[in-house]
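S.K.: Letter by letter, the chains look like this.
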Amino acid sequence: MVDILSPAKRGMEYGLSLGVDQVEVCAVNLSQFRVEVRNAHVTGSDILEVGGAGVRIYIGHSLGIASTTRLKELKGAVEKAYHLAKGAPADPYFKSLPGPSEYGGVRGLYSRKLAALTFEELTERFMEGIEAASPESGFTVSGNLVRAVGESAVVNSLGVEALVRETAISGNISSKIEKNGDMGLGGEPIMGRSLEEFDPVRAGGKAAETARSHLGAKKVTTGTMAVILDFRTARNSLGGVLDLGANGLNVALGTSFLSDSIGARIAPSDLSVIDDPHTPGGLSSCPFDDEGAPSTRVEIVEKGILKSFITDSYSAGRLGIPNTGHASRSSLTSKPVPSLTNIHVAPGNWKLEELISGTQRGVLLENSRLGPQGVSTNVSSMVDRGLYIEKGEVVHPVKNTMIGTTVFDLLANIDAITKETLKEGGSVSPALRISKIRVAGGL
Amino acid sequence: MEDLMDRACRVVEHFALEKGDFLDVRFFLGEATTVNIRNGDAEHVSNESNVGAALRALIGGAWGFSTSKSFEEKDLLVAMETAVGAARAVRKHIGEKGTVPDKYVYKGTAPLKVKIDPREIPLEDKIKVAVELEKNIRKDERIKVSQASLTDIVQREIIVNSLGTEVDVSNCYVRVGGNATAREGTLIQNVSDSVGTSRGWETVEEVDPAELGARVGSRAVALLSASSPPSGRMNLIMDPTLVGVFIHEAFGHAAEADGILSNMSVLRGKIGKQVGVSGISVVDDPTIEGLRGSYPYDSEGTKTRRRVIVKDGILREYFQSLETAAKMGVEPNGAGRAMDFNFKPIPRMGNTFIEGGNLSFEELCQEVKEGAYLVKSYGGYVNPAIGQFYFSAQEGYLIKDGKVGPLTQNVSMSGLTLEVLSNIIGTGKEVKMAFPGTCGKAGQSAPVTGGGPHLAVAHVVVGGR
Numbered sequence: 001m002v003d004i005l006s007p008a009k010r011g012m013e014y015g016l017s018l019g020v021d022q023v024e025v026c027a028v029n030l031s032q033f034r035v036e037v038r039n040a041h042v043t044g045s046d047i048l049e050v051g052g053a054g055v056r057i058y059i060g061h062s063l064g065i066a067s068t069t070r071l072k073e074l075k076g077a078v079e080k081a082y083h084l085a086k087g088a089p090a091d092p093y094f095k096s097l098p099g100p101s102e103y104g105g106v107r108g109l110y111s112r113k114l115a116a117l118t119f120e121e122l123t124e125r126f127m128e129g130i131e132a133a134s135p136e137s138g139f140t141v142s143g144n145l146v147r148a149v150g151e152s153a154v155v156n157s158l159g160v161e162a163l164v165r166e167t168a169i170s171g172n173i174s175s176k177i178e179k180n181g182d183m184g185l186g187g188e189p190i191m192g193r194s195l196e197e198f199d200p201v202r203a204g205g206k207a208a209e210t211a212r213s214h215l216g217a218k219k220v221t222t223g224t225m226a227v228i229l230d231f232r233t234a235r236n237s238l239g240g241v242l243d244l245g246a247n248g249l250n251v252a253l254g255t256s257f258l259s260d261s262i263g264a265r266i267a268p269s270d271l272s273v274i275d276d277p278h279t280p281g282g283l284s285s286c287p288f289d290d291e292g293a294p295s296t297r298v299e300i301v302e303k304g305i306l307k308s309f310i311t312d313s314y315s316a317g318r319l320g321i322p323n324t325g326h327a328s329r330s331s332l333t334s335k336p337v338p339s340l341t342n343i344h345v346a347p348g349n350w351k352l353e354e355l356i357s358g359t360q361r362g363v364l365l366e367n368s369r370l371g372p373q374g375v376s377t378n379v380s381s382m383v384d385r386g387l388y389i390e391k392g393e394v395v396h397p398v399k400n401t402m403i404g405t406t407v408f409d410l411l412a413n414i415d416a417i418t419k420e421t422l423k424e425g426g427s428v429s430p431a432l433r434i435s436k437i438r439v440a441g442g443l
Numbered sequence: 444m445e446d447l448m449d450r451a452c453r454v455v456e457h458f459a460l461e462k463g464d465f466l467d468v469r470f471f472l473g474e475a476t477t478v479n480i481r482n483g484d485a486e487h488v489s490n491e492s493n494v495g496a497a498l499r500a501l502i503g504g505a506w507g508f509s510t511s512k513s514f515e516e517k518d519l520l521v522a523m524e525t526a527v528g529a530a531r532a533v534r535k536h537i538g539e540k541g542t543v544p545d546k547y548v549y550k551g552t553a554p555l556k557v558k559i560d561p562r563e564i565p566l567e568d569k570i571k572v573a574v575e576l577e578k579n580i581r582k583d584e585r586i587k588v589s590q591a592s593l594t595d596i597v598q599r600e601i602i603v604n605s606l607g608t609e610v611d612v613s614n615c616y617v618r619v620g621g622n623a624t625a626r627e628g629t630l631i632q633n634v635s636d637s638v639g640t641s642r643g644w645e646t647v648e649e650v651d652p653a654e655l656g657a658r659v660g661s662r663a664v665a666l667l668s669a670s671s672p673p674s675g676r677m678n679l680i681m682d683p684t685l686v687g688v689f690i691h692e693a694f695g696h697a698a699e700a701d702g703i704l705s706n707m708s709v710l711r712g713k714i715g716k717q718v719g720v721s722g723i724s725v726v727d728d729p730t731i732e733g734l735r736g737s738y739p740y741d742s743e744g745t746k747t748r749r750r751v752i753v754k755d756g757i758l759r760e761y762f763q764s765l766e767t768a769a770k771m772g773v774e775p776n777g778a779g780r781a782m783d784f785n786f787k788p789i790p791r792m793g794n795t796f797i798e799g800g801n802l803s804f805e806e807l808c809q810e811v812k813e814g815a816y817l818v819k820s821y822g823g824y825v826n827p828a829i830g831q832f833y834f835s836a837q838e839g840y841l842i843k844d845g846k847v848g849p850l851t852q853n854v855s856m857s858g859l860t861l862e863v864l865s866n867i868i869g870t871g872k873e874v875k876m877a878f879p880g881t882c883g884k885a886g887q888s889a890p891v892t893g894g895g896p897h898l899a900v901a902h903v904v905v906g907g908r
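Read top to bottom, the protein sequences are chains A and B.
Each residue of the first sequence is one higher than the last, beginning at 1 in the numbering used here.
Each residue of the second sequence is one higher than the last, beginning at 444 in the numbering used here.
It is worth saying that the hints were derived from the structure and are not from the lab.
Note that the coordinates shown come from a computational prediction; the quantities given were computed from them, not determined experimentally.
C-beta: ideal position from N, C-alpha, C; glycine also.
Treat each hint with caution, since some may be false.
[As the list claims (entries may be wrong)] 27 Å max Cα-Cα, derived DSSO-like pairs, lysine-lysine:
| no. | chain 1 | residue 1 | chain 2 | residue 2 |
| --- | --- | --- | --- | --- |
| 1 | B | Lys535 | A | Lys206 |
| 2 | A | Lys335 | B | Lys578 |
| 3 | A | Lys218 | A | Lys391 |
| 4 | A | Lys219 | B | Lys812 |
[Unchecked claim] Derived DEER-like restraints, expressed as beta-carbon distance ranges:
| no. | chain 1 | residue 1 | chain 2 | residue 2 | range |
| --- | --- | --- | --- | --- | --- |
| 5 | B | Gly845 | A | Gly138 | 44 to 52 Å |
| 6 | A | Glu420 | B | Arg748 | 53 to 61 Å |
| 7 | A | Asn180 | B | Ser721 | 26 to 34 Å |
| 8 | A | Glu102 | B | Asp568 | 44 to 52 Å |
| 9 | A | Gly138 | B | Arg749 | 52 to 60 Å |
[Stated by the list, open to error] In silico negatives: residues of chain A with every beta carbon more than 10 Å from chain B:
| no. | residue |
| --- | --- |
| 10 | Lys95 |
| 11 | Leu109 |
| 12 | Glu151 |
| 13 | Leu163 |
| 14 | Leu195 |
| 15 | Ile262 |
| 16 | Glu302 |
| 17 | Ser308 |
| 18 | Thr333 |
| 19 | Lys351 |
| 20 | Glu353 |
| 21 | Met382 |
Please model the entire structure based on the sequences and the hints provided.
M.R.: So this is what it looks like as structure tokens:
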């Protein structure tokens with residue numbers, strides 16, 4: 001285990017010694033195994049350490065950020081952040097970095113068994129999944145796998161001192177089948193924090209099954225029809241839409257389409273969504289956020305009514321509401337912004353097969369995402385994987401098909417939610433149906 | 444920093460290699476400064492130091508990779524041992540042996556080619572430009588978020604391999620741009636524009652920040668009264684920014700040789716075959732001075748050259764790294780690019796464009812008759828394995844009876860790689876390298892440019908409502 005907390009604290013203290021108002025240092029060290037497979041054979045095997053440190057320094061309301069890939073050069077990064085903060089214009093909305101807190105525990109973030117897996121063992125197991133993705137001739141299989149073991153730390157001059165040790169495994173297996181001049185493509189993710197969740201044989205088998213089911217893709221005729229979002233598509237789409245609309249920073253800036261909607265109906269009464277950063281073993285679970293504020297469970301939508309926004313220290317300060325501990329930084333040089341962690345969408349009363357059988361004309365989206373481009377309220381998405389439904393039955397996969405709607409209609413037109421849910425990576429989601437949506441086809 | 448080259452040579456020479464084995468060491472020294480002004484306040488002023496060494500080993504046909512943040516020789520040797528160990532660990536799973544061509548050895552130095560080094564520019568000057576740009580976006584009260592961003596990146600790669608390649612190459616990327624989000628009631632529209640080059644601070648000096656800001660702001664406001672975007676299969680004219688993204692996504696990615704070799708591209712086996720209308724040619728040229736996707740040597744040390752991907756509708760060439768070139772028995776063409784030291788080089792594009800044709804804009808409108816004229820790209824993505832791509836326009840205009848009509852909001856489109864170049868119905872005259880973008884592939888980003896003339900394409904699926 002690499003000690004990242006001590007250098008982070010030394011960096012923070014050095015920053016303070018320069019006479020600044022607030023200092024934050026975050027540090028990350030991850031040991032990674034990566035395996036790359038093409039044409040069912042290993043084409044890349046990587047063993048490396050990634051990470052570094054990021055520094056935020058505030059002088060009054062002026063912020064300087066610097067990062068380095070070398071922890072040994074943290075002092076230099078602190079000096080750079082200091083000089084940038086001295087020259088940067090002020091942000092009058094900045095209130096303060098978070099103060100110290102007690103953190104609760106979150107189970108399942110570190111797996112001793114996963115951490116103990118050797119590179120050879122990891123590769124052997126992954127290759128079993130690759131084999132499963134090619135059950136007969138005619139399949140082409142690719143895949144990527146990353147196992148990470150390491151630590152993340154945040155310290156700041158107000159007394160925050162947070163350290164988490166984590167394991168994670170992520171990747172995917174893609175399987176392509178070619179038959180009589182036709183082709184079908186399937187892909188299945190691998191994600192989790194424990195050895196038990198690492199099941200490449202299941203993923204490979206599912207990828208091959210999906211590939212087979214996508215042979216015979218056809219173009220469809222443009223029209224307004226129902227669209228069913230499978231479990232992953234529902235999770236990805238609702239997560240994406242709410243991450244924009246319920247995001248405290250967007251609300252503060254006036255670009256959230258839900259900014260005036262707290263207490264208002266934004267979806268039918270059977271839609272309820274919470275965000276839970278304490279989900280055991282969740283890929284986005286952590287007792288604290290990327291600023292070291294305690295992460296909290298937030299009820300975002302309850303029975304179709306918008307209940308809460310997610311915030312970080314900056315947006316909470318601007319809006320004058322509590323910090324929900326949802327700060328997330330995309331890199332060590334980034335300023336954190338609020339972001340959802342593990343969404344849990346409440347189940348409904350339908351079966352997935354009932355959604356299909358009750359659809360006269362529609363498209364079932366698989367493992368996809370419907371969402372707006374940037375902060376625009378328009379949704380215009382390509383169907384990456386979809387099955388065309390006619391008279392209650394799946395008739396063929398689709399190709400060259402687009403979906404156009406708005407974020408408002410996407411939420412408002414949900415007319416059925418399944419009782420089955422998919423628990424994956426810490427999130428929980430049923431499948432759902434949107435009653436009418438514009439589908440543009442290539443015919 | 445001359446000794447880094449010697450040090451890398453000593454690391455490579457330290458290992459006894461069998462025939463066909465290969466090692467390389469790539470030192471990466473990157474520094475980036477970003478100034479981001481939002482709504483008159485400093486959202487973000489940052490500096491990023493990205494320094495480390497990437498080490499690859501091809502042993503017995505298996506590849507291994509590791510990194511070292513330290514440039515000490517003993518640490519580099521440990522990292523190379525790790526890479527060799529990783530290669531040995533997977534030898535039984537490699538199938539066809541990995542290989543590199545042994546007859547292409549490159550030696551050269553390409554120092555930073557800038558008039559004004561952005562690292563020499565005081566922070567206050569950078570802030571001044573961003574503040575001026577941002578202020579001019581925010582001239583209408585319906586602009587809720589105005590954002591100006593200025594980034595300069597200087598990167599140096601020192602590449603040594605066991606075949607004798609010794610290259611020291613520096614690149615500079617400067618980008619200045621604005622982003623506006625306008626709102627009226629519940630309607631929110633967002634537009635952006637930027638200038639990006641591989642030149643120095645002179646890039647910024649040639650931009651009028653007030654004009655760029657005002658243009659971005661007024662476009663966002665105009666979209667608040669634009670009509671809903673169209674939906675269905677229709678004929679389109681794309682402006683040069685969209686053509687750049689279109690050809691990058693629709694065709695460029697599918698022509699990357701790693702996808703071809705792994706049978707994950709619909710262009711596999713199509714060299715020498717007709718893939719588009721006879722008048723269409725697609726070129727990628729990283730040697731054009733100053734464009735955002737320009738670079739003299741790639742991350743494997745291969746000298747870059749112009750690549751003619753499609754000539755008169757015939758597929759001619761793929762994007763090659765050392766390994767893909769060896770496997771296909773062709774010359775490497777300098778497409779092996781890596782984002783930084785944490786990643787291995789993979790085949791990538793540089794500056795991709797469609798060559799000019801012979802029609803005026805008015806003649807293109809006449810060709811289309813009924814459809815849409817789409818303007819300014821948001822970006823896109825592609826699935827090369829099934830040849831389906833997506834790209835997105837910030838705004839557009841309806842075309843009625845061969846004439847450009849009213850403004851419409853942002854919309855996205857999709858198409859099929861093997862159909863699109865055959866559906867081109869008209870090519871404009873003037874080529875503009877109009878889209879300075881960032882391409883993402885396998886978790887790595889790379890600066891690129893896309894462009895071309897105005898282009899008329901039939902039967903594109905447009906996803907409006």
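S.K.: Are the hints correct? Go through all of them and say.
M.R.: Evaluation of the provided hints:
Using a Cα cut-off of 27 Å, the hinted pair Lys535/B and Lys206/A holds, with the two alpha carbons roughly 25 Å apart. For the hint linking Lys335/A to Lys578/B, the alpha-carbon distance of about 22 Å falls within 27 Å, and the restraint holds. A distance of roughly 17 Å separates the Cα atoms of Lys218/A and Lys391/A; the hinted pair therefore holds under the 27 Å criterion. Taken as a hint, the Lys219/A and Lys812/B pair is honoured in the structure, with Cα atoms around 24 Å apart against an allowance of 27 Å.
Our hint of 44 to 52 Å for Gly845/B and Gly138/A holds, since their Cβ atoms are close to 48 Å apart. For Glu420/A and Arg748/B, the Cβ-Cβ distance of about 55 Å falls inside the hinted range of 53 to 61 Å, so the restraint holds. A hinted range of 26 to 34 Å for the beta carbons of Asn180/A and Ser721/B is consistent with their spacing of about 30 Å. At about 46 Å, the CB distance of Glu102/A to Asp568/B agrees with the hint of 44 to 52 Å.
For Gly138/A and Arg749/B, the hinted distance range of 52 to 60 Å is not satisfied, since their beta carbons lie about 38 Å from each other. Separation of Lys95/A from chain B is adequate, the least Cβ-Cβ distance of about 13 Å exceeding the 10 Å criterion. Here Leu109/A stays apart from chain B, with its beta-carbon at least about 23 Å from theirs, past the 10 Å limit. Listed as a non-interface residue, Glu151/A keeps its Cβ farther than 10 Å from every Cβ of chain B; the least gap is roughly 16 Å.
At the 10 Å boundary, the C-beta of Leu163/A stays outside the reach of chain B, the nearest C-beta of that chain being 21 Å off. Against chain B, the non-interface label of Leu195/A holds: every CB pair exceeds 10 Å, the least being about 19 Å. Non-interface call for Ile262/A relative to chain B: holds, since the shortest CB-CB distance, roughly 15 Å, exceeds 10 Å. Every CB of chain B is more than 10 Å from the CB of Glu302/A (nearest about 22 Å), matching its label as outside the interface.
Consistency note on Ser308/A: stated as away from chain B, and its beta-carbon is indeed over 10 Å from all of that chain's, at 20 Å minimum. With a closest Cβ-Cβ approach of about 4 Å to chain B, Thr333/A is found to fall inside the 10 Å limit, against its non-interface label. Lys351/A, annotated as away from the interface, keeps every beta carbon of chain B farther than 10 Å; the closest lies near 30 Å. With a closest Cβ-Cβ approach of about 27 Å to chain B, Glu353/A is found to remain outside the 10 Å limit, as its non-interface label requires.
The Cβ of Met382/A sits about 4 Å from the closest Cβ of chain B, inside the 10 Å cut-off, so the non-interface label is violated.
Hint violations for this structure: numbers 9, 18, 21, all remaining hints satisfied.
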